[in-house]
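Trainee: For reference, the chains in residue letters:
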Amino acid sequence: AQSVSQHNHHVILSEAASLELGCNYSYGGTVNLFWYVQYPGQHLQLLLKYFSGDPLVKGIKGFEAEFIKSKFSFNLRKPSVQWSDTAEYFCAVTMFSGGYNKLIFGAGTRLAVHP
Amino acid sequence: EAGVAQSPRYKIIEKRQSVAFWCNPISGHATLYWYQQILGQGPKLLIQFQNNGVVDDSQLPKDRFSAERLKGVDSTLKIQPAKLEDSAVYLCASSLVNTGELFFGEGSRLTVL
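In order, the protein sequence lines correspond to chains A and B.
In terms of this note's numbering, the first sequence has 60 at position 60, counting the first letter as 1, and numbering is strictly consecutive.
In terms of this note's numbering, the second sequence has 41 at position 41, counting the first letter as 1, and numbering is strictly consecutive.
These are calculated hints, taken from the structure and not from any lab test.
Note that the structure is predicted; figures quoted are calculated from it, not measured.
One thing to keep in mind: the hints can contain errors.
Part of the chain B face toward chain A, derived, beta carbon under 7 Å [as the list claims (entries may be wrong)]:
1) Ala-20
2) Trp-22
3) Asn-24
4) Gln-41
5) Gly-42
6) Asn-51
7) Gly-53
8) Val-55
9) Asp-57
Partner residues aside, some chain A positions facing chain B, computed with beta carbon under 8 Å [what the hints assert, rightly or not]:
10) Phe-34
11) Val-57
12) Phe-72
13) Asn-101
14) Lys-102
C-beta atoms are modelled at their ideal positions from N, C-alpha and C, and glycine is treated no differently.
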């Protein structure tokens with residue numbers, strides 16, 4: 001079955017630490033890849049996206065993600081986290097089925113950054 | 001630009017009662033989605049509309065859930081009768097084109113007692 005896996009459910013870091021959140025998907029066709037973020041008390045919003053081209057994509061607030069097609073992975077990174085990065089992060093993948101793109105989410109990773 | 005509007009934000013009902021959620025997408029967005037997010041899980045697609053037609057409702061429990069988007073704009077999601085396991089946040093999202101880039105509303109949190 002088509003699915004998206006996020007390796008870490010909870011991550012706790014200190015400010016200035018580096019971050020890497022893992023995401024793998026199971027689907028052999030063409031995909032669009034996303035990371036969405038939900039800050040406390042706010043709605044889900046797009047952090048970054050990959051459709052095609054350079055597999056290293058940069059998003060808002062210093063986040064970046066790398067698409068490795070051979071590993072079916074789209075890991076999220078940030079070299080130095082801030083307290084304001086405390087949020088829940090969702091990896092999502094579109095899988096083409098029945099003539100349209102279906103967006104499937106991972107279970108999410110809850111990140112807590114301590115000052 | 002106004003975002004995706006949802007109401008109510010919170011609803012508490014007893015099992016076997018009914019509830020309805022409303023969503024108004026961003027103006028001009030043809031695709032509308034309803035997702036269910038249970039605590040500790042990622043959003044699960046319940047139904048996807050393209051204009052006022054359904055393109056995917058494969059994970060909608062049709063014996064109790066229904067959704068409509070009559071004029072291709074706003075949408076309602078209804079649960080009747082509700083079960084305890086329906087406790088979740090119901091997210092509405094819309095998109096201009098079907099690429100996966102979605103704009104989400106604040107969500108409607110349902111508690112079934």
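Trainee: Which numbered conditions among the earlier hints are violated in the structure presented, ordered from lowest to highest?
Mentor: 1, 2, 3, 6, 7, 9, 11, 12
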